[in-house]
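Trainee: Sequence:
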Amino acid sequence: MNAVASISRTDTLFIGHISWRYYNKIKKKAMEQEFSWSGFLLSMSIAFFIVAGGAFSLNLLHTSIQKSRILNQHNNIYILENSSENYLQVDLLSEKLDNLRSFARNA
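Straight run, no breaks: the sequence shown in this note's numbering ends on number 123.
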């Protein structure tokens with residue numbers, strides 16, 4: 017491969033010839049670098065925003081699933097109340113009230 021990545025001004029690394037020798041050279045140069053608080057803070061802030069974004073996405077997904085379940089339960093009760101056979105039968109009134117009470121407890 018002709019791609020060349022420059023590690024420093026004097027050393028170059030051919031991407032096609034990566035081996036343990038080059039890895040150890042890169043590792044040694046990385047270990048020789050001084051600790052940088054600004055680099056650390058930048059890394060931590062990036063990690064924070066990644067975690068916060070993931071948490072927000074999961075919360076949004078969970079909320080939408082919960083709302084769809086509640087809406088589905090509400091639609092099922094609405095369909096039960098609107099069916100003409102069940103609406104005209106007085107003997108099912110206690111069963112309807114029990115269904116409404118259970119829905120009110122879940123909501």
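No lab work stands behind these hints, which were simulated from the structure alone.
One or more hints might be untrue.
Here are the in silico distance ranges between beta carbons for each label pair [as the list claims (entries may be wrong)]:
1. Tyr38 with Arg85: 29 to 37 Å
2. Gln89 with Phe64: 13 to 21 Å
3. Asn122 with Gly69: 38 to 46 Å
4. Phe119 with His78: 16 to 24 Å
5. Ile42 with Leu87: 54 to 62 Å
6. Lys44 with Lys83: 24 to 32 Å
7. Asn75 with Gly55: 46 to 54 Å
8. Gln49 with Leu77: 39 to 47 Å
9. Asn75 with Lys41: 29 to 37 Å
10. Asn122 with Phe72: 34 to 42 Å
11. Glu111 with Leu87: 42 to 50 Å
Each residue gets a CB set at the ideal place from its N, CA and C atoms; glycine is no exception.
Trainee: Would you mind marking each hint as holding or not holding in the structure?
Mentor: Structure-based check of each hint:
1. Tyr38 with Arg85: 29 to 37 Å: Since the Cβ atoms of Tyr38 and Arg85 sit about 55 Å apart, the hinted range of 29 to 37 Å is violated.
2. Gln89 with Phe64: 13 to 21 Å: 38 Å Cβ-Cβ, so the 13 to 21 Å window is violated.
3. Asn122 with Gly69: 38 to 46 Å: The hinted range 38 to 46 Å is violated for Asn122 and Gly69, with Cβ atoms some 31 Å apart.
4. Phe119 with His78: 16 to 24 Å: 21 Å, holds
5. Ile42 with Leu87: 54 to 62 Å: The hint (54 to 62 Å, Cβ to Cβ) holds, given that Ile42 and Leu87 are roughly 55 Å apart.
6. Lys44 with Lys83: 24 to 32 Å: 55 Å, violated
7. Asn75 with Gly55: 46 to 54 Å: The hint (46 to 54 Å, Cβ to Cβ) is violated, given that Asn75 and Gly55 are roughly 30 Å apart.
8. Gln49 with Leu77: 39 to 47 Å: 40 Å, holds
9. Asn75 with Lys41: 29 to 37 Å: 45 Å, violated
10. Asn122 with Phe72: 34 to 42 Å: 26 Å, violated
11. Glu111 with Leu87: 42 to 50 Å: Because 22 Å falls outside the window, the suggested range is violated.
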